[in-house]
Every structure is written in C-alpha cells, then in structure tokens.
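With chain H fixed as given, assemble chains S, U and A onto it according to the hints.
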Amino acid sequence: MNSGEQDARKTMSSQAPLTLPKRHYLNADYGVRSWLLTTDHKRIAVLYLVSVTAMFFLGGAYAVIIRLNLLEPTGSLVTAETYNKLFTAHGVLMVFFFMIPAIPAVLGNFLLPLMLGARDLAFPRINLLSWYVYVVGAAFTMYAVVAGGLDTGWTFYTPYSTAFSNTNVIAAGVGIFITGFSSILTGLNFIVTIHTMRAPGLTWFRLPLFVWAHYATSLIQILGTPVVAITILLVAMERAFHFGFFDPARGGDPILFQHLFWFYSHPAVYIMILPAMGVISELVTCFSRKKVFGYGFIAISSLAIAGLSFMVWAHHMFVTGLSVYAAMIFSALSFLVAIPSAIKVFNWVATLYRGSISWQTPMLYAFGFIGLFTIGGLTGLFLATLGLDVHVTDTYFIVAHFHYIMVGGTIMGYLGGLHYWWPKITGRLYPEWWARVSAVVVFIGFNLTFFPQFILGYLGMPRRYHVYPPEFQVLNVMSSAGASILGVGYLIPMVYLAWSMRYGKVAPSNPFQSTGLEWRTTSPPPTENFAETPIIDEEVYDYASPPKEARSV
Amino acid sequence: MPTGFPLFPEQASTLASEVDGLYLYLVAVTFVFSVGIAAVLVYFAIRYRRRSESYRPEEIHGSLLLEVVWSVIPLGLCVVMFVWGAQVFFHMNRPPDDAMTVTVVGKRWMWKVQHPTGQREINELHVPVGKPVKIMLTSEDVIHSFFIPAFRMKKDAIPGRYNVVWFEPTKAGTYHLFCAEYCGTEHSKMIGRVVVLEPDAYQMWLAGGPVPVSPAAAGERLFTERNCATCHRADSGARGPVLGGIFGKRIALQNGETVMADEAYIRESILSPAARIVAGYQPIMPPYQGQLTEEQLLQLIAYIQSLSPPPAGTAPASPTPSPGAAQ
Amino acid sequence: MAQHHIVSWKLYLGILLVLCVLTVATVGVAGHDFGALNTPIALAIAVAKATLVVLFFMHVKYSPRLTTLVLSAGFVFLLLLIVFTGSDYISRNWPITPAG
Amino acid sequence: MSEAHGGPLAHHFHDLDQQREAASLGMWIFIAQEILFFGGLFGVYTIYRNLYYEAFAAGSHHLSWKLGCYNTLVLIGSSFTMAMAVYSAAVGRKRAIVGYILATILLGAVFLGVKYVEYHEKIAPCFGDGPHTGCLVPGARFDAGALQLDGARAREAQIYFSLYFAMTGLHALHMIIGVPILLWVAKNAAAGLYTPAWHTPVELVGLYWHFVDIVWIFLFPLLYLIGHH
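Residue numbers (this note's numbering), protein chains in the order written: chain H, 1 to 553; chain S, 1001 to 1327; chain U, 2001 to 2100; chain A, 3001 to 3229.
Just chain H, same shape as in the assembly (with noise of 0.2 angstroms):
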C-alpha cells in the first residue's frame, strides 16, 4: 500500500517562488470607507474576525482573573460583587459574543459562497447588516459590564434577574436581545444561500460537510434565538416596568422562564459545536487525503442532532422540581441527541483507516478535538442520567463538561479551520513549528485546567463559588496553572498569525492539496471569487484523482 516508493518532495517546495495574485478582496479597494461599507462576504468575515478576537481575548482576561482568585481558598483577590460580575461577563462574552458567531461568521462567512461556487451570500447588505447589530448589540453589554458590571451569571435566572440583582441587567439583556438578531441574519443568509445559490452541477450530496452542518447551525439560529430573544425582553419588561412574567412575588413561575431560556440555550450548545464539527469533517478528510467515511451518515447527522437538540432542554432542571415524568422524557431524548455525535466521531476514526495522514497544525487540532469533545460528549452523558444530574449539577462537573465541549470542542475547531484556511484567507502561510508548539499547547494547557475540574465536581465543590473549602485547593491550584499555559498557548498563534499576515511565505492557491470549489480559486480570492462559475461534474471528497489547481484570474 503505501511504501515509500514515490519520490517525496513536498509540493510546496518544489514550485518556483510564489507570488499573490494581481487582484484579489484585501486590496480591491483601500481604506477604513472600503471596509466598514464593504459587502463582500469575504471581508465582512474579517471584520468578525477581529470583532470576535478582540471578545475572546476579552473574556479569556476574565477568566484569569477567576482562576487566579481561585487560587486561594479565601478569594482574597477580588471580592465576592467583583467575582459574580467576572464570570458573568465572561460567560456572557464567550457565549453570545465568540462561541456562537465563531466560526459561522468568519469561517462560514467567508466559505459558504467559496464552497458552493458562488459570487457572495444571497443578501450581502444584509451580511454587513448582522455584522453592525452584533456590533451595536456588543457596545450595549460592554456598557453594562463597564458601567458598574453585571451580576446575574450569563443565565439571567429570575427572580434574581428580575427582582434582586441591581446591576445592569437591563443594558446587557437589550444587548443580548440585538446580538441574537446578528446571529438570526446570519442564519437566514447561510440558508438562503445554500438553498439557491449552488454552482450547477452542485447537487445536496455533492456539498462538503461544513455546509452540511452550518445548514444544521443555521436552523437553530432561526428557530431558536427569537425565544431567548423575547425571553429576555419580557425579563427586561419585569424589571423596567414591573410587569409579571416570572417573579414568583407577581404572581410568574420563575421555572417557566428556565424552560424558555434552555429552550434556546440547549440548543445554542451546538450552534457553537455543530459548525466546529463541519470543520473536523474538512480537515479529517483533507489531512488524510482521503474521502471521508460514512459522507451520508455525518451529513444528516447534522440534522439529527438539530432537530433533536429543541428537545432536551429541561435536563438543566433536573433539580428545580421539575415533574419526574417530564424529567423521564426529556432524559430519554438527551441520550437520543448523543448518538448522532458518536455516529460522527466513529466515521472520522475510520477515515484515517488506510488514509496518508499529514501531522500538519490544523490535523493535530482535529485530534485534540476528537480526543476532548468524545470525553466531553461521554461526560454529558452523565448529566442526561437523571439520577446522577442531581449530584452533578450546579458544580464543577458541569464547568468541566462545557468546557471540554465548547473549549475543548469548539475553539480547537475554530483554531484548526483558521489555520487550515488562514493562506485561502491571506494569501500567506502561517510558520508550521509555531503552529505546531502551540496546538501541543493548547492541548496540554487545556487538560490540566478542566480535567481536575471534574474531579472537583464530583466531590461537591458548587460552581460560582468566590470561596471554597480547603480540600479543594489543590485541585484548584492545578487546574489555574492549566490555565496559565492555556493562555500562553492561545496567545501564541495570536502573534504569528499576525506577523505571517505580512511575512508569511506567499502560499499557493491550494497549499494541501484539499478537494472542494475554495481551492479552486486564488489564494486570497478576488473579489467575485471565481473567474467563471465552476461547473462541478465529480463526487465530494475526490481525493482519488489528482488535485486541481486554481485558474489564473
């Protein structure tokens, strides 16, 4: 099979010294004007890129400053009003202003139309729109948390949202409220697009799998978010006006306001992870030069885990007195929601069977993630048993799952399609030892500073705790110096990233050899994508037949 017979030099070295193409989006056009009114969907993906980083770097500073006062059973670092109002924002900033945008609006914004051989997305003013409301809905919460902070968790639970807490919830919920609209825009744009912009010859089972789980994420965008987003309007409406909904004082269940809010939030888990695994299923299949397994399977997949994700939400309420019968049922289709995640991680194990598997930076993420999310998928599990949920729950298990799952799961996802794509994005390469030392990193960093987590779960230790018993100190310390190399290791592809943004080696218009319609351009592309529209008359996935390469512009 694979012996070693063929000669090996690399692809990449042997072409003469590349250069970017003549024309392509970044230097269309100059200036903060060509940017800020720009409608191409390429450069609207950069304008989250830098919106989305700047709120992850901001909600990872919140987070050391959390495990830096955990360091000491006391607190001693910050107080107790201080210490709500950190994880708040950074649970408020991660969820709603870097996970859930993440890698649909960069990556899928700048992809989607590539993918599908299309000129843009179906309605690019509307594209740029949800980039502007996110950015309206982020100075409203940033608001709150400036103007003295916010100290309700990202969870908004009432009545203390509503009756109790007096911080600025009114600010952050309005916005929350106009960020889920960015996320709805969005949503409506991917499927539109897909719907009806396909290259001819681009049949449904023709589509890479990363369409085929955004189609998945933007349903629950669509279907989802206006319920959170009325739920926290009527939150507001209590608070500002007094009117009843949930304060159990004026009459209102607060426990109706938790179905509502998980109505939405459950589901928002894989809003964050499904586009993560749509990226997996790309670099699997690439770095392993081979057609994934089980195309079909990981595809509908997708759906699955869409459909089935609006019916599970009531196992965050396990121990609210929630009805035993309805906990039954919704315990039922939780373990349901699980299967098609298994389906996924077995079919991309098998792709690498009999494959030619590159270590290149953006596989060694699509490991981590296979690793971390199957342990972070497993532990879930353990929170759908019922019996077990009520230990479990409210502590640092459940910290430690969410985060295999959305740290573990979607930012490895995130980091690996931005490498993967960073030359598609810049036209240059990003330094493959850097990259290389920082996912190692990351993935040591990563499970030093959860996988104690679980461990303290399980003894009881509560989640949003500003103080803690002694005994649970080491387990603290370890996970807080877990933290410290995390940080290093996200900070780390921060810097060259940035650096090969200019001196990064010029990369060729498809660096790995990849199949799928975005190789098949420049590298950047232009600013209609495609010289002609591509006409698509072979399966997905062909890594069987020689690669194409891109026709000059």
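By construction, these hints were calculated from the structure, which means they are not laboratory data. As the structure is a prediction and not an experimental result, all values here were calculated from the model. Hints may contain errors.
Incomplete in silico selection of chain A near chain U, CB under 8 angstroms [to be verified]:
id, residue
1, ILE3047
2, CYS3069
3, SER3079
4, MET3084
5, ALA3090
Ideal Cβ placement from N, Cα and C applies to all residues, glycine included.
Just chains S, U and A, lined up with the frame of chain H:
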C-alpha cells in the same frame, strides 16, 4: 469534613452508594470509549502517516454495517443509563412514609431549618443515623439549591413553591451543606454543615437547649391568634370547612373538580382562598398574601397535618379561616 | 411565485368575505358556553382563518414545497416549545409510585 | 426584510428567477423566525392561562370585544387590500398598486388608532396622585378592584395584563414598522419600478403584512374572548 486532597466524596447516605454505582458505570463507559477512540486514533495516525506526497489512498465510501453497529452499541449502553438513572431518580423523589419532616427555608444568604420537634437551626442541620429525613424546601427570595454532596442530594429551593427531597444518613460525621444555585453576592458563603449523630447522641442534642415549640404547636398558636377557629370549627353552622383529617386526602371543589389537600393546596388556600373553594362553602375568607412568613405558613401546614379526623358525621373539607381574622 | 399563477381578484374578495364571516362567528360562539370545548372551537376558527390567509393571500397554495416546509418548521417548533413545556406543568403533581 | 433591489439584477445572482427565489425564501425564513419570536409569548400565555384561568377570564371580560372585533375586521380588510396590491403588480396595473398600498396603510392606521383608544383607557388612570381607579397597567397602581379580584387573583390578573400589553404592543410595533416599508414600496410603485416580471418587494412586504394579520387573528380570540361572554 475531609481535609487534604480527596478524590472521591464521602458516602454518608443510603442514596450515596446508589448514585456512586451509577457514576462508576458511566466512568467505566467513558474510560473505555475515550481511551479506545484515542488509542485507535493514535494507532492510525502513526500506522498510516503520510510517507509520500504522491500516494493517493484507495477510496472507502463507508459501511452500513459499521454505522449500525456503532449506533446500536452506544444506544444500548444509553438505555441502561436511562433506566438505571430513572430508577435512582424516582427513589430520590419518593420519600419513605416514615420519614421525619424537616422544613428548610432558604434566604439570602442562610439556611433556616426547623425540626418536627421544634428545634431551629441556621446553616446547621442535626440528624440521626439510620432515620429517613424528608426536607420540605422553599425560599423567601430567589432560587437557592440545597446540596449535601456526601448524601448525593440536591434540590432547588424555589420561592412560592414547596420542593421535597429526602435522605437517610448512614454514617455519623460532619458534612458540607452548600447552596448550589447562584443567588447573589454571598452565594459562596451560603454554606453550612450537616451533623449526623448516633441516635442517642441525637436524643441528647434534642434534649439540650431551650424547650422548643414544635412547628405543629406553633401552627396551633397561630391558628388561635388569627382566629381561624371562628369559622373552621366542627359545628354545623361553621362558615369554613373542618380541617381535621383532610391532609393528604382528595377534596371535592365547588367547580366539580377534586384536589389533593397537600402542602401546596393548603398554602394556596391560606394565601389566596378564593382560588379553589371547597364544595359547599362561600368564598368569604380574606387572602393572607403578604401577612405570613414562609416559616409561619409551614407551621400552619404542620398543624393542619397533625389534626386528627373529626368524629364521623362531620363532612371533612378544606381550610378557610375566618373573615374576622384580617389584621 | 405569483408570477406563475395569478389569482383572480374575485377569489380574494371571496376570501375576504369568508374571513369576515368567521370573525363574526368566533364572536358568536363566544356568547355560548360549550364547556371544555370553548377554547378548541375558538382556536379552530382562528386556525381556519390563518390557513385561508396563508394559502391564498400569501400564495402558499401556488408556491414551491419548500415554502410550506419553512412555514411548517416555524409552527412545529413552536408546538414543541408549548407541548414540552406543558408536559412539565401537566404532570408536576402526578403522584410518584413507590418504584425504584 | 430581504435584499430587495430597486429593479435590475444584483451582481451576484445569475438571473431574476434566482434572485426572486432567494428573496422569497429569505422572507419566509424571516416569517418562520417571527413565529418563534411571537411564539415565546404564546407559550407563556398558554401556561399562565391554564394556571390562572379565572383571572384571565376576568381580565378578558374587561376588554371591549366590540373594539377587538372591529379591529379584526379592519385588519382583515387591510390584508385584502394588500393582496390586491400584489395582484395589481402581477397584472401590471401600476397606479392600482399605489392605491391599494395607501388603502392598506389607511386601514393599518385605523387599527392603530383603535388600539390607542384601548390603551389610553387602561393607562390614563395610572397617572397623577390617584386614586388610580381603572388603572390596568401592571404594577403598584394596578386597580384589581375594577376586575373584582383580590389576593393572588389580583396578581394573576396583572400577569394577564402584562401579557396583553406585551403581545398587543409587539404586534402594534410590527405594524408601525410595516408602515414606512409600505410607503417606500408605494413610492417605488409610483415611480413605475414594478412590472409583472419583477415586483418582488411588493410581494415581500405583502407577506410581512399578512403575517402580522395572522398574529392578530390568534390574538383576538385568545385575549378578548376568554370564557363565554
């Protein structure tokens, strides 16, 4: 309370071992799958690492058989988790009939406890080994969560509602009591301890301190003070139903429906009497909304629960204190 | 959409009349007590009216299947929200049998 | 709303059919989103109506079903004129488009006017030093006596009126947003931009308007006609 560097929490209730059994099963599944997947992944990644740039592996489309196998096996394991987990959960939610009832009221940022014998505690709970304890849980302000890790037991305290949870301690000792639902600034200080005593030590603890008034007795006093008996009495001209023996029974309502006279219904009938009127009575009782504390409500409920059924011939019915009792 | 199928204005006028009649009908039936059926009847009339608007005024009857699918998705997920939330409220006070 | 261009084909579409299909699908997805947006309120309504049926009935009896019915007919009428505007565009009667859209706006304004009267009689008594007899805005000044309710019932009735204002307010807001869009379409129609071959903006604003009508078709019986009258 443990010190040093524990990796596994103490087991101190009958439920703890049940939950731990479930936990170990899931840990085993997690371990087998994550290590197994990681091992296969690493093996493939090394075994099939890229040796030549020009090599193009053979295409493998997929396998229906494999897809079925790796869907059905996890599904089977999940069914076990579901059934086992649901059994444990039902057990947790069904207190034994002989459990002693302790009322717990959460308030920012403390736990207020009252024993059936009347002892009151704050942020402490003394219970005997080997006796099932049922906790009646509510909150005066925001949502809290009553969490004793050593008992593997947790339940939210929700304002305006009663939640029930129970445990049977198996080992004397002192254990953590936490608030697990974020409730504001001092959330992490809303903690306390559960002291599990051997039965005779518990009796000594009960005997110590001032002579307490049991919740039922306190409820009786309230019942008198507020003139409830003016209407709720056992003669035929009474304006309100007789309350003896109604607790836990189904009662016919004016609108033709029936209702279980449980804690929630009695609470509602005190705070908002007109909501569900007992058949044969007029909605004349004033609402007590805002006039009784959560603890007083629990005491009234304890009193009504303690009343024995009236002699035969008197129709049992539900509570409706007098109109003259308004303050 | 409508390009391919222009509905006669007479049909629109007919729909308008039916809608008005149904509106009067819903007020009419509200004057009678059908017991437990009061709400289902009122909702059934509302659904009938909404269906007429969707099919004819909004041309769904003459639109691609995808349109119907999108619209149904909205209603189906709304139903999920209400039914699953309702399942908690309905069964909250059901007794727990001493199993387990 | 959707990326409705003033006429010619946008650069990233191949032909008008593709553009029309995309715009229409976008609008329908927007409507699906709106269903869930209002749906959150309908969900809250369903739960509380079943928990607090009598307070809801008492609150409902306090609304004027006559005004509600009148407004329903007005809004159905505006839906009809809107449908006629689309029809006129499809058959190329350019001046009729403008006329029907203006009629739609007029009927919408009548609806909002009636809504204003209804709101005013509930809100006006809440101002000043009091007594706030007849004030039906939830909060400290809420006059439960007007509904002959007390205790917990009075609080439950406040939930009814909270929902009443939230649902009808959000609905009215949608109408108010619709008016400038209708005006913009009317302006373009007057300029002769819409032809039988391409009048997507008229269709899209029509879909939006009909959707708002449908919301009211449900709000009317659910808010005005609880319990028999």
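For each hint, the structure was consulted:
no.: 1; hint: ILE3047; result: holds, 6 angstroms
no.: 2; hint: CYS3069; result: holds, 5 angstroms
no.: 3; hint: SER3079; result: holds, 6 angstroms
no.: 4; hint: MET3084; result: holds, 6 angstroms
no.: 5; hint: ALA3090; result: holds, 5 angstroms
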